[in-house]
Structures are given as structure tokens and as C-alpha cells.
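There are 2 protein chains.
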Amino acid sequence: MAKAKHALPVTRAENFADWYQAVITGADMAEHSGVRGCMVIKPWGFRLWEALQRRLDQRIRETGHENCYFPLFIPLHLIEKEAEHVEGFAKEMAVVTHHRLEMKDGTLVPAAPLEEPLVVRPTSETMIGEAFARWVRSWRDLPVLINQWANVVRWEMRPRLFLRTTEFLWQEGHTAHATAEEAMEETRRMLAVYREVVEDFLRIPVIAGVKSEGERFPGAVETHTIEAMMQDGRALQSGTSHFLGQNFARAAGIRFQDRDGALKYAWTTSWGASTRLIGALIMTHADDDGLRLPPEIAPHHLVVLPIIREEGHRAAVMEAAERLVKAASGQAFDAQAVRAHLDARDLPTPDKRWEWVRKGVPLIVEIGPRDLEKGTAALTDRLDLAAGKSFPQVSDLVAGLSARLAAHSRRLFEEARAMREARTRRDIADVADMRAFFAEEGSGFVIAPWAEDEASLEAIADLGVSVRCLPYDQPADPGPCVLTGRPAKRVAVFAKAY
Amino acid sequence: MAKAKHALPVTRAENFADWYQAVITGADMAEHSGVRGCMVIKPWGFRLWEALQRRLDQRIRETGHENCYFPLFIPLHLIEKEAEHVEGFAKEMAVVTHHRLEMKDGTLVPAAPLEEPLVVRPTSETMIGEAFARWVRSWRDLPVLINQWANVVRWEMRPRLFLRTTEFLWQEGHTAHATAEEAMEETRRMLAVYREVVEDFLRIPVIAGVKSEGERFPGAVETHTIEAMMQDGRALQSGTSHFLGQNFARAAGIRFQDRDGALKYAWTTSWGASTRLIGALIMTHADDDGLRLPPEIAPHHLVVLPIIREEGHRAAVMEAAERLVKAASGQAFDAQAVRAHLDARDLPTPDKRWEWVRKGVPLIVEIGPRDLEKGTAALTDRLDLAAGKSFPQVSDLVAGLSARLAAHSRRLFEEARAMREARTRRDIADVADMRAFFAEEGSGFVIAPWAEDEASLEAIADLGVSVRCLPYDQPADPGPCVLTGRPAKRVAVFAKAY
Chain A
53 MAKAKHALPV TRAENFADWY QAVITGADMA EHSGVRGCMV IKPWGFRLWE
103 ALQRRLDQRI RETGHENCYF PLFIPLHLIE KEAEHVEGFA KEMAVVTHHR
153 LEMKDGTLVP AAPLEEPLVV RPTSETMIGE AFARWVRSWR DLPVLINQWA
203 NVVRWEMRPR LFLRTTEFLW QEGHTAHATA EEAMEETRRM LAVYREVVED
253 FLRIPVIAGV KSEGERFPGA VETHTIEAMM QDGRALQSGT SHFLGQNFAR
303 AAGIRFQDRD GALKYAWTTS WGASTRLIGA LIMTHADDDG LRLPPEIAPH
353 HLVVLPIIRE EGHRAAVMEA AERLVKAASG QAFDAQAVRA HLDARDLPTP
403 DKRWEWVRKG VPLIVEIGPR DLEKGTAALT DRLDLAAGKS FPQVSDLVAG
453 LSARLAAHSR RLFEEARAMR EARTRRDIAD VADMRAFFAE EGSGFVIAPW
503 AEDEASLEAI ADLGVSVRCL PYDQPADPGP CVLTGRPAKR VAVFAKAY
Chain B
53 MAKAKHALPV TRAENFADWY QAVITGADMA EHSGVRGCMV IKPWGFRLWE
103 ALQRRLDQRI RETGHENCYF PLFIPLHLIE KEAEHVEGFA KEMAVVTHHR
153 LEMKDGTLVP AAPLEEPLVV RPTSETMIGE AFARWVRSWR DLPVLINQWA
203 NVVRWEMRPR LFLRTTEFLW QEGHTAHATA EEAMEETRRM LAVYREVVED
253 FLRIPVIAGV KSEGERFPGA VETHTIEAMM QDGRALQSGT SHFLGQNFAR
303 AAGIRFQDRD GALKYAWTTS WGASTRLIGA LIMTHADDDG LRLPPEIAPH
353 HLVVLPIIRE EGHRAAVMEA AERLVKAASG QAFDAQAVRA HLDARDLPTP
403 DKRWEWVRKG VPLIVEIGPR DLEKGTAALT DRLDLAAGKS FPQVSDLVAG
453 LSARLAAHSR RLFEEARAMR EARTRRDIAD VADMRAFFAE EGSGFVIAPW
503 AEDEASLEAI ADLGVSVRCL PYDQPADPGP CVLTGRPAKR VAVFAKAY
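These protein sequence lines map, in sequence, to chains A and B. If you're matching positions, the first sequence starts at 53 in this note's numbering and goes up one per residue. If you're matching positions, the second sequence starts at 53 in this note's numbering and goes up one per residue.
Check each hint, because a few of them may be wrong.
The list treats identical chains as one, so a pair stands whether inside a single copy or across any two.
Quick list of in silico lysine-lysine cross-link-like pairs, PhoX-like style, CA-CA up to 20 Å [claimed, not checked]:
#, residue 1, residue 2
1, LYS426, LYS133
2, LYS316, LYS57
3, LYS57, LYS441
4, LYS143, LYS156
5, LYS133, LYS156
6, LYS404, LYS143
7, LYS378, LYS133
8, LYS541, LYS426
9, LYS541, LYS143
Since the hints were derived computationally from the structure, they do not count as laboratory data.
Here chain A stands alone, though its shape is the one from the complex (with noise of 0.2 Å):
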């Protein structure tokens, strides 16, 4: 009977991916499509995912960028031009073929063949590097700074809701500059921008670093990336800003005439966040009872049940819950008003209470006709489900609310590092060691020492380990190699990923 404690059906511990699954549709927030790999994004879902956009989009205006918007579509001898891009993206493109329908025995058919393919955006370097092409002629026009916020799609055979769709939604920043130095201080301050915006906002304790390699994005010189460790264990990359050098703007012709009067190429940059996010967010802070969101991305914060058991009551029930919404309004957190939501729907209030659980909102206060004269509230904390309600003065729990919404989000934070640091190991000696550890605990960090050798990486390749990133953060003396006992210079995150 140890189940029917929980509001999901299946626990993290049972099965993580059916948990996962369950997460979303207890909170409605997503769902499959009839389209392989294409989700439906359901009005609470899209709520996170407007309000994660509206915090980066403001961070990536306040350092200088610029919304535009480019074409969904690519001319094939546009993709043709960098070649190592085209071998990383090709295997997974939707190709349009045509331009009509037609009616053929009863079935709609393709019509009219496009004299050339077009392929539907899986990320648009290629695209805006021809815009840049057009729009830079001088050192004066530099540095171009855009981003866009865009659907792209690459084709998925394993789909999963938010993590891997064939179709998803991202921004996309793409920077031309005069110099290498310009263009590597913004690959670090956009990927500082997406640590402080999944750290801070969305209270994901991540790994920043640069990704080796293998790992690199097709036609980067560097990719720079923040990792995150979900509660199964396993990495999530969470954001990636590349330092394109100037392969791009050989492919695209992206030159300009430098104060010393040489025509030169520039270079460039590009970065990218998507709804995967989203994912992120469930599988880092959500329990057995649904998502618990950190009161930063919240839609509300506080939701607010009258209980009317008789008509009698109604008028003044009302009135104390309604009372209790305009004050809870009046307190701040993180510089905005508290949001609370008066849910007056006529459905029965566990029915509402567990719904409010399971889409993980902070804080649910009912109030019914016995609290009036006592000045209380039944309050549910999201954190504390098994210490069952408490039954504050409504004025205390008004007086108290910034306070207890800012130690909500400190709480989340802290167990989410507090469980990835229980499931890091630093003293993984050599390949047995790491064979070892992943034998035993199926998934975590090993951060050790690697001396960068690709080939090396075959050691551990049939466990589905791989090197996550080369943290910025560095010991002083990493000592010899885990996989291999060469000196090495760095150590590295390897772990199982999404």
C-alpha cells in the first residue's frame, strides 16, 4: 500500500522514464502528437517555457543582442558549404520536396517538385552566415549581435516529451566579430548568461566547461557547455555556446575591410537554450508527487482553496480567500509581487489540492468557514507533503511569505547539488575502477583526470559512458590519466547522457 502515498503511479524508484512520463501528464503539460516526435505543448507546460524565455530573452538583450527572425527554410547548397556541419546534421533533416497537393484517387498527393530541396532549419548558422555575408562590409559593422527565437526540427526515432522531439523550440544567438579575443570573451559570457539563468531561475546546479572533441558541435572550434546532473544520475546538457572561429565565415564569405585596410574573414559565434530545459526542470526538482517548481519560474506561487461545504458560507469564504490573494499580491519575491491564484472552480478540494501538487506549485492555502473566526489557513508546503498541513495565522503566513518562497528556492537548489554531489566520485583510479563504479551505481559523475586522447575513450564506449566536459574549474595537478596513466593536463566529467 506504500503507493498510494504518492499522487503519481509510478515512483523514480520503480521505473524513471515511466516516472518521467507521469510527471508530465499528471501536470498536464505536454503531450505526444499524432505527429512521430512532435509534442503538443499544453498551456501549463508552455507557462514554464514563457516564462524561462522571458528571463533569457531579457539577459541576452542586456548584453546586446538584437531579435530578428530568419527563414524556416534552407537551400540545400546552403547547408553543402561547411563541411563538417553537414556531416553532423544530415543524418537527421526534414527534407521538403515539394510545393502542392494534389487529389490522385481519392488521397492527396505531392505536386509540383521544387527545383531545389529545402531543408527545414535543424539550427540556422548556415542561413544567418549568408545575412552576415550581406550586412558586414567594414570593422565598423562588427560585432553583429542577434538571437532568434525559432522552432527547428531534427528527425528523432527515439522521441521523448521535451528531452528529444524531432520538432522543439530554442533561441538561437549568432555574433560576428573583428577578432578571435571578441568572439571568445561572448562564447564565455553567453554561456555565463545560461549558467546564471539555470542556476539562478531555474535552480539547476550545473557543471560549465568545454566540451572535448568528440563532442564538439559540427564545425566548432570550441563548445562551451553547462552540465547537469538529473536524479537518475545521468548528465543533461544544458546549454551550449560554441566559438566558431572563423569556419563559418569562410563557408558563408563573411569578410570586412579592418581599420588597417586588409579585407579579412570574421569571426563568429553561435548559442543555443531550447524547451529541453523543460525537461531539465522536471527531472532535477520533481518527486513522487509531481513537478515541484522553484518559486522563480512558478506560474503561481500560492494558490488559494475556499472550501464551501454550504451556500451559507459562500459570501464570506469568499471573501477571507479573496482577502487573502490581494495580500499575499502586496508581498515581493525576487522583485515582483507575489503571484497568487484564487481557484474558485466547483470541484471537490482534494481533487484541486492534489492537482495543484502534482503541477508543483510552492504553496496551497485552504480556507473554509471554521478559519474565519480563527484568523487561519490550512497551509500545504510542496516541500514538506509528509509533514501533512500546517494551520498558520493567515496574517503570520502573509507577514512570512517572501521569506518562506526565497528558502523554497534555496531548498531546491540544495538538494539538487546535495544529490549530485553524493552521486560524484573524485577518486576513480583507472578504468577497472570506473568499470566498477558504473557497474554498481548505473549512473553518476566521475571527474578524474584525462589526457584528451579520443581513442581512449573506446575503454569505456559499450558502457554508454562519455566525457560530459572539461570543467573550467581545474585542480592545480589533475595527476595521470584515468583511462590511460598518461600525465594528464585536465580532468573531466564522464558520465552516462541525455
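Using the hints provided, position chain B relative to the given structure of chain A.
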């Protein structure tokens, strides 16, 4: 030499289509991409779209709708379900037939054909109808009120920036209701929202009404529309709201158990507005010097240009310019702070001033060293370019900002309305009269009684004139049909259209 007076290389009178393109280029709003029919929306154009989007999104939420996101791709079998819909859209769709590319003889070719081709959404009634059929079971689940912001694709043979592009951005609202009355009320409510946003925010006067049978959305029972007149006398459909009856509900199987226990088909609506409205904004308000923006949508209300001819003046002039920006920001317009922007770029002042003229900023203020003692500034009012600069006291300028911007807004609306009224004829009695009007004037609105016989339109088909709408506002006794002389129940708006 008359041409030298204007900031654009071509005037409205010389060539309206070229002038339209020149406004867009002059304001750096958008450009054609390398993909036929697809545009790149540049920062200035995209800021206008984002501002419109924010306002419209706010109104869509306030009227009870929630944002979602549905797939870009629609399987052919779903498109086939609604017969009229197929008929209307099948001719102009992008069709995805493969999901991989392969390199063959040095070029990329489509590989891995799909079992069922996918259409890139031209609109989402079919896809969303399928979701509604999953979501709706009982009358308790109704109404469903959702909206999405998305890109859509309709193949365009004669593309024009913003007005007709193969890919465009829009919002599409989709709702399902238990009764025809409710769905009809929703259809009208959302048309009223469009009217309000287009008139009060974009300051474009419109005529609201219903489409004639031949102009309805494919599959709709009624299409409601707002129609604006552009400066060349042509009509531009600026937002439509469709009462779909039970057509799409039957095609998709959206059924619910009603209060009486009976299983019934839902009544649905859909409504959309697109980046086309940016085209309408240009063709309504721009003049021969470029864009003119209503302050409601202008990214900057006021641009301040510091004039620094000698380094010795720099500090004092910059300080005065910054003080003005700060003081202006303390004033209000449209319930928000006035948006003042300091343009301190190291470029010649006249170049900067003309750039902002072409971009349509309402007020441009220059401050130089000689202004400092006198407390004055040189003001360029975008609506009074011909009058030249005025030299108000800065304190007076700031104190009068709210009133000045409000007058600016009113004046743009009134100019557009006066232009429309001057080019509208209500006294056309028969086909000969109508032919004479369009032969002489080229374009304009003819508002005249019409017996709503689609076949009668053949008499004017060669003129390129069609019925834009049957206005909500109708005279008590319209009189005989302008085309047939038979009794008419309503007057119609006849015009050439974009």
C-alpha cells in the same frame, strides 16, 4: 530637384510598390532571403512585431485564452478530413517527403522517404482539432480556449515583404464550445479584440464586417473580418475570426456528452492575425520620407542626439542629453513610461537624424553646446518635417511630452481615416458607375447595396474588384443591388485588395 526633399529614393505617387519596398529598406526592417518567398525580419522590423505581439497576447489572455504549442507538421490524412479546407489550402503547401540527406557524387540528395508525407502547417485547424478530440469528453471540458504564436507556410508565387511571404509569423486562436451561440459570441469577441488592437495600438482605422460566401475561410460557416484602406486605395484584410460551425468538429470527431446526456459535436472557432499587419502599418502611416510610427508601437518615442563638435564640450553636452532622457522617461504615455533613447554613436548628426526619420520615431531632439546656456533643444517632429525644426525650452518639451505624443497618435489615426473617407464612394448606383469609378480612380472603396449573389460579381471581375466585407454597420434600407438592381438586404464594401 523636388525629389531631393525626401529621404526615400521614390515617392508614393511615383510608384507605390517601389516606395513600399523603399520604406522597408530605409528603415532597415526586413529583406528578402536567399530562399524564395521567405524574408529576414531585421531588428527594427522585429521590435515592431514584438510590440504588437505583446499587446495582442495581453488581450488574448485577458479574454480567457491560454497559449499552447502544436506541431509544425501535419500528416496528409489529417488535412484530407475537411473537404473544403483541403480545396482551399492544398494548392500552396510545402510538403516534407524525406527525413535524411545523403551525399551522392558530391551533392546532397534527399534520402529516407517518409511513409506518409507531412505538410508544413498553412494553419492548424486540423492538427488542433485532433487534440481537441482527445481533450473533450464532457460539457465540463468546454469551452476550450487556446492560442498559439507560430510560423506558418503558404507557398507564394509573387512574394512581398510582410504582405505576402511564403513563411510568415502569426497567432492562431482555436476554441471549442458547447453551443452555436457561444461559438458565435467568441467569433465576434475576438474580431472586436483585433479591431481594438489595430485601431487603438496600430492606429489603423478599419471597417468590421462579415465576408461574403466566396471570400470565406475554407471550411468556415462565417468569416468575420476587419478591412483597412492602404494609401493606394486598396483594401488590406487585417484580422479574421471564423465561426466554423460543426464542420471541423465533425471532421476531427470533437464530441462531448452534454448536460442532457446526449453525445454532441462541439462548435468551433478560429481567428488569426499575422506579420501582415506590419505591412498594413507601413502602407497606412509611412510617407515619402519613410516610416511614421504611432507612439503606441514606437520602440522609441524620443531620440536624443548630442551634438559634439569639440571634445571640450563633450561632458557638458552628454550630461544635458542624459538629463533629458531621464526627465522624458519620467513622463507617461499609454500608461507606460515615455521611451527615450540616447543615440551617442560617433556618426554625423544629419545622418543620424535622417536614419531616425526613416525609422519613423515620433520625436528627434538635438542638443548642442549652444543649447546649454539657453536651456533649449532642436526638435524635429516626424509629422511636421516640412515645417523644419523648432527650438523649445527643454523643460517645456518634457512637460508637454504626454500631450504631444497623444496628439501624434490621434493625428496619424485621423489622417488615415480622412484618407479613407476621401477615397470612399457611397453614391455608386450601377455597374457602369462602378466601372467608371475604378477606371478614373484606379482604386478606393465603393460602399453600395449588394444582393449577395456571387454570380453577379462576374460583372466586375475583370477590374480585380471584390467584396471585402458586409459591414456590421448597415443602413436601415440599403436600396437596390448595385450589380443587379434587385432588392438588397445589406451594403457591401467593394475594392481591390492586397
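Hints and how they fare:
1. LYS426 x LYS133: neither (73 Å within a copy, 60 Å between copies)
2. LYS316 x LYS57: Answer is neither; intra-copy 66 Å and inter-copy 39 Å both fail.
3. LYS57 x LYS441: Only inside one copy: LYS57 and LYS441 sit 15 Å apart there, 75 Å across copies, limit 20 Å.
4. LYS143 x LYS156: between (31 Å within a copy, 13 Å between copies)
5. LYS133 x LYS156: For LYS133 and LYS156, the Cα distance is within 20 Å only across copies (15 Å; inside one copy 38 Å).
6. LYS404 x LYS143: neither (46 Å within a copy, 48 Å between copies)
7. LYS378 x LYS133: So LYS378 and LYS133 fail the 20 Å test inside a copy (59 Å) and across (49 Å) alike.
8. LYS541 x LYS426: neither (66 Å within a copy, 66 Å between copies)
9. LYS541 x LYS143: neither (34 Å within a copy, 61 Å between copies)
Of the hints listed earlier, those the structure fails to meet are numbers 1, 2, 6, 7, 8 and 9, in rising order.
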